[in-house]
Amino acid sequence: MALLDVRDLQTRFRTDDGVVQAVSGVSFSLDRGQTLGVVGESGSGKSVTFLTVMGLVDRRHAQVSGSVLFDGQEILGASDARLQKIRGKRIGMIFQDPMTSLNPVKRIGWQLEEAVLLHNDVTRAEARRRAIEILKEVEIPRAEARVDDYPHQFSGGMRQRVMIAMALINNPEVLIADEPTTALDVTTQAQILRLIRTLQAEHEMAVVMITHDLGVIAEVADDVLVMYAGRIVEQARVVDLFERPEMPYTWGLLGSLPRLNLTSDRLEQIPGQPPSLLRPPRGCAFHPRCAYAFERCREELPELQPAPEGEGHLFRCHLKEEDRARIWAGKRAALSTESAA
Amino acid sequence: MSELLVVENLQKYFPVTRGLILQHEVGQVKAVDGVSFTLQAGETLGVVGESGCGKSTMARCIARLLEPTGGRIVFDGRDITHLGRSEMRPIRRDMMMVFQDPYASLNARMRVGSIVAEPLEVHGIGTDKDRKRRVQELLEIVGLNPEHYNRFPHEFSGGQRQRIGIARALAVNPKLIICDEPVSALDVSVQAQILNLLKDLQQDFDLTYIFIAHDLNVVRHVSDRVLVMYLGKPVEVGSKQDLYSEPKHPYTGALLSAVPIADPTLGRARKQIVLSGDVPSPLNPPAACRFHPRCPRFVDGTCNVEEPLLRPVAGAADHEYACHFPLERWPMDEEEFRRVPSLAGRAE
Numbered sequence: 001m002a003l004l005d006v007r008d009l010q011t012r013f014r015t016d017d018g019v020v021q022a023v024s025g026v027s028f029s030l031d032r033g034q035t036l037g038v039v040g041e042s043g044s045g046k047s048v049t050f051l052t053v054m055g056l057v058d059r060r061h062a063q064v065s066g067s068v069l070f071d072g073q074e075i076l077g078a079s080d081a082r083l084q085k086i087r088g089k090r091i092g093m094i095f096q097d098p099m100t101s102l103n104p105v106k107r108i109g110w111q112l113e114e115a116v117l118l119h120n121d122v123t124r125a126e127a128r129r130r131a132i133e134i135l136k137e138v139e140i141p142r143a144e145a146r147v148d149d150y151p152h153q154f155s156g157g158m159r160q161r162v163m164i165a166m167a168l169i170n171n172p173e174v175l176i177a178d179e180p181t182t183a184l185d186v187t188t189q190a191q192i193l194r195l196i197r198t199l200q201a202e203h204e205m206a207v208v209m210i211t212h213d214l215g216v217i218a219e220v221a222d223d224v225l226v227m228y229a230g231r232i233v234e235q236a237r238v239v240d241l242f243e244r245p246e247m248p249y250t251w252g253l254l255g256s257l258p259r260l261n262l263t264s265d266r267l268e269q270i271p272g273q274p275p276s277l278l279r280p281p282r283g284c285a286f287h288p289r290c291a292y293a294f295e296r297c298r299e300e301l302p303e304l305q306p307a308p309e310g311e312g313h314l315f316r317c318h319l320k321e322e323d324r325a326r327i328w329a330g331k332r333a334a335l336s337t338e339s340a341a
Numbered sequence: 001m002s003e004l005l006v007v008e009n010l011q012k013y014f015p016v017t018r019g020l021i022l023q024h025e026v027g028q029v030k031a032v033d034g035v036s037f038t039l040q041a042g043e044t045l046g047v048v049g050e051s052g053c054g055k056s057t058m059a060r061c062i063a064r065l066l067e068p069t070g071g072r073i074v075f076d077g078r079d080i081t082h083l084g085r086s087e088m089r090p091i092r093r094d095m096m097m098v099f100q101d102p103y104a105s106l107n108a109r110m111r112v113g114s115i116v117a118e119p120l121e122v123h124g125i126g127t128d129k130d131r132k133r134r135v136q137e138l139l140e141i142v143g144l145n146p147e148h149y150n151r152f153p154h155e156f157s158g159g160q161r162q163r164i165g166i167a168r169a170l171a172v173n174p175k176l177i178i179c180d181e182p183v184s185a186l187d188v189s190v191q192a193q194i195l196n197l198l199k200d201l202q203q204d205f206d207l208t209y210i211f212i213a214h215d216l217n218v219v220r221h222v223s224d225r226v227l228v229m230y231l232g233k234p235v236e237v238g239s240k241q242d243l244y245s246e247p248k249h250p251y252t253g254a255l256l257s258a259v260p261i262a263d264p265t266l267g268r269a270r271k272q273i274v275l276s277g278d279v280p281s282p283l284n285p286p287a288a289c290r291f292h293p294r295c296p297r298f299v300d301g302t303c304n305v306e307e308p309l310l311r312p313v314a315g316a317a318d319h320e321y322a323c324h325f326p327l328e329r330w331p332m333d334e335e336e337f338r339r340v341p342s343l344a345g346r347a348e
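Just so you know, the protein sequences line up as chains A and B, in that order. All residue numbers for the first sequence refer to the numbering used here, where the first residue is 1 and numbers rise by one. All residue numbers for the second sequence refer to the numbering used here, where the first residue is 1 and numbers rise by one.
If you are wondering where the hints come from, they were derived from the structure by calculation, not from laboratory data. Where hints are given, some of them may not hold.
What the hints assert, rightly or not - In silico lysine-lysine, DSS-like type, Cα no more than 30 Å apart, as pairs: (1) K136/A with K89/A; (2) K136/A with K271/B; (3) K240/B with K271/B; (4) K85/A with K136/A; (5) K106/A with K136/A; (6) K106/A with K89/A; (7) K240/B with K331/A; (8) K199/B with K240/B; (9) K240/B with K175/B; (10) K271/B with K331/A; (11) K175/B with K129/B; (12) K331/A with K199/B.
To be verified - Cβ-Cβ distance ranges computed for the label pairs, FRET-style: (13) R194/A with R329/B: 23 to 31 Å; (14) N145/B with D80/A: 43 to 51 Å; (15) G77/A with F14/B: 28 to 36 Å; (16) G72/A with E155/B: 28 to 36 Å; (17) E303/A with E121/B: 17 to 25 Å; (18) A78/A with E336/B: 30 to 38 Å; (19) G124/B with Y150/A: 46 to 54 Å.
By construction, the Cβ of each residue, glycine as well, lies at the ideal position given by its N, Cα and C atoms.
Here chain B stands alone, though its shape is the one from the complex (with noise of 0.2 Å):
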């Protein structure tokens, strides 16, 4: 297995400009504030956070969509940060985006065939008859019927219009398709198939996927690994029986533990740790852990003061939390959540 993609210390940040004429920097919103982890070729890795959290902005890092502020972006052995237009194009057709609003991310006024045939037209892949070959053929792949050639987006429900997405992210035979809330905006049914379909093309396709959403039990449905976001930083990441087993940090237990549960006898027999308050802005995060304020865990004197860095779970290398006082054991309840222990027997 190779390293697909290799990301290093991600950082993206955005100026706060005031003044009409002379505009003067008076802060930044640090969307991505220092997320690092390795892809391997054929791999999963679902990022999960709630608004704010910089999953996005770092999605369109990686895509080059932007540029990042700092860190490295190591795509199949090559550094693509800071590569401008004309040499990112090749490279482009090795890295596509799924979107997550199927209204928005087509084209209204342009037919589906040339929707999706678009990336191999920007590639100059095939000649006309080609392309409109293997737009059918992509129509077929994703469950549409090739002969809607020539229909207009509005003229498809949502779940298809998604797959057409998918087709079109398909066309150029991509290595990695980076996956932004793809069924979020979709109903529970149609959801399943698109899950159902990117599972079955990823097998079909060797395609590795990095996975954005915010629902938990989406994420652990496609992802072999896990990484949990939380205003910037990454605060958990391992794979998906470590993470949904035995989460460390407390806000992925949080996250768990507020997933509604479709079983009326065992969700409203647990109790559920609820966080207070609402997640900060990112122009003004916490001092030091930037989930202390909400943190049900919180220590005086050492979260708000020192910032917990990346750490590895005791023999398990590729689990990491960045916490001064992780989750001992999981599930916990409420009681048992906010009691941290001795400050003497800190995990390492």
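With the rest of the complex left out, here is chain A (with noise of 0.2 Å):
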């Protein structure tokens, strides 16, 4: 049984605008020690579906529908009180900027001991010895002396660290990593990901790693999500999402990417942006960028249909399969210019 399975999630902001549909219709399964990663750009909806898995979207102004089932049991429209027992104690969450997650005026010892007392009966003493113990699995040097410091005091590696930390002190089985390194270095960045790898390793855990960095994607992930205006618009392992991806918008992804081991002059470029929410395009959401749109596009929604190659690979297209095929084998050899350094 897939330790999270979610079926046909749908979240609706009310805004003064208008009704924003930031997720139609997600679904996906996550196994113990999987890593999913979920690719999009802003107002794809990846964030808001996490949020919404984990209960913290704003009941009074959204609306939610769908299954989400934890272990089993279904958590969507939970009671706060069971959700509480499940976040920050099963699922942890670390989000992008660690500065505005981790609160200012107090020390970090203080936020990592409430993590552990909200969700277990130990005394303080004991909530700080794991807190001190878990900074030295996230490798923060001095943590004895460091965990009364404020988060200020530590530089934005060491804070997301800090974030790292408290997202893992109770051992969870899924850590959902909501864009965890982008506002890093990237020397940072590659300590990070090792980091989030052999935590995975040690404590057999879920990861869920959100991001628009394909690069990040590639060295991390097992199975991808690729998601557009709220939908997904294609899966699958990930060595075939980069062998072989079915749809254009993925394809214009991996060819806007600038990569050390191309010297093309131009990067391909898709046109305009992604689209409101407010008012989405009828038909395909993709369709008013795409080079290949033709009538159908424009007036009906392509479902989500497997590929011919690769397990559990799934698109959303109108294209015939042979045009598919040739278009992206055109792509394919203009992306192949040069072998890698």
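Mind docking these for me? Both chains are given alone in their own frames, and the hints should help you get the complex.
And the structure:
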């Protein structure tokens, strides 16, 4: 049985300007120990999906429907009391900007202890002991001294480690990491990704890595969801996604990447920008930016269908298989002008 | 090809003071500490480095938004290092900047037309009518709808705002545009648009760029030459081919190694060189080679005693590096990286 099973998740926000359909029918599952990559740009719904899964969307302004089974139990719409037992204990979450996620006026030791005390019946002394232990695990030097420091006394990379420590202190089964390294330098990013991989192995955790960075996805993910305008537009094993992407948005994402091993003068660009979710396009949400769109794309939303190759490989596109294969073969040839350094 | 910009031993130190009423200096943040390079007209110099390396401070010194503490800046043949405001004014027409944050770099209370026209107004170029026409022309050049002249910044997306910033920089026909992380805050697909736009504009308008970024992929795509900085110091400079295929400085190697490869098979097959520790504070930089506490090739007694100076690679005078034990070849795996050849074999 999957650890996390999400079916037809929908999240709608009521705003002054109208209804925003942030998530439109997202379904996926997560197994123990698996690393799921979720890639998408602004407005793709990647963050809102997982905020919804964790019950962190404000129910006064949002309508949520669908099903979220965690370890066989339905948690969508569960009471706060029930969710508190899961959030921070069985599912940990880390966010992009550690400075805004950590309380600036409380020592980090206090914040870590709070995470322990909320979910475990232990003394404060024991909570402190665990705090120091987890700080050592995330490779914070001189943990016994630094546990009494404030967030602003740490560098960006160190603060992110503190966030990871907070998310892991109760040994969760799932870690949801929302753009954990976007704000960090590239060498720090390498350290943090390596740390997450090590901790994942040691704690036997499943990890959801939400990012816009396809390089990070290639490095860490087993499976990938590509999201656009609130829907999954392609999902596949990571190797299949990079080898045989089946729809134009994924082609565009792969083509837009400046790479160390290529010297083409122009990057493939996707014209325009991600659509407004207040007035999403009819039919396929990507069609206004798609070079291959035709009449049907403007009228009818393509369903998720299986790809010719790849286990669990699904995608949304009206193009015929032979056309997709031909177009991708051409793009792929252009992308492989030079071999890797 | 003429030299548009010559920077010699640029230094920018910020004093750290203590005391509320009588402030006395207790230290200095040596944000930029001895950077030199030459920029030819039409070239793009990529400047790469991580937080605290001084790249933004250096850019601001060159643009004279800050006054250097030491060194010289010669722009278009003129020493601008310590020029006053009124003397700098005409020069600022030739040197414009594009900033990182598309939300903070545009005045939210000004209409887009006014934002782009502002440099023209400041320099007294054209009549109101001329300016309006020029602005509409510029909006079109950067791929925006000229009819959006009267809209406010919040009505545009991040990528579009960045285009507005670029239009503003182009307004007065500058020679040099300093781009400080212009695409870092943008989505990948939009980033590609802006990078392509910058390249096209360079060709169409004979522009010279200084392009600051932390993303090595982006820097490689736009630059002719690349300067790598660490804690205020230049550690390596060279053509992009040299730097990316034959880096000499271990920090450059570590940076290249840290960049995730967008290919799951390739990416996971290679062994990354991961540095330990964080970038130290520029308030208290390490002695001698500033990189030595994190360097996997550190040799006690040399790297922490004698500061390595920039020296050219044998046979390639325009490729320089500042290291006592440069990388012998590239790529290297982690084990080789840590192994330093005998002192007798020091490269010169």
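Here's how the hints hold up against the structure:
no. : hint                           : in the structure
1   : K136/A with K89/A              : holds (20 Å)
2   : K136/A with K271/B             : holds (25 Å)
3   : K240/B with K271/B             : holds (23 Å)
4   : K85/A with K136/A              : holds (26 Å)
5   : K106/A with K136/A             : holds (20 Å)
6   : K106/A with K89/A              : holds (21 Å)
7   : K240/B with K331/A             : holds (25 Å)
8   : K199/B with K240/B             : holds (16 Å)
9   : K240/B with K175/B             : holds (22 Å)
10  : K271/B with K331/A             : holds (29 Å)
11  : K175/B with K129/B             : holds (25 Å)
12  : K331/A with K199/B             : holds (22 Å)
13  : R194/A with R329/B: 23 to 31 Å : holds (24 Å)
14  : N145/B with D80/A: 43 to 51 Å  : holds (47 Å)
15  : G77/A with F14/B: 28 to 36 Å   : violated (54 Å)
16  : G72/A with E155/B: 28 to 36 Å  : violated (47 Å)
17  : E303/A with E121/B: 17 to 25 Å : violated (55 Å)
18  : A78/A with E336/B: 30 to 38 Å  : violated (54 Å)
19  : G124/B with Y150/A: 46 to 54 Å : holds (50 Å)
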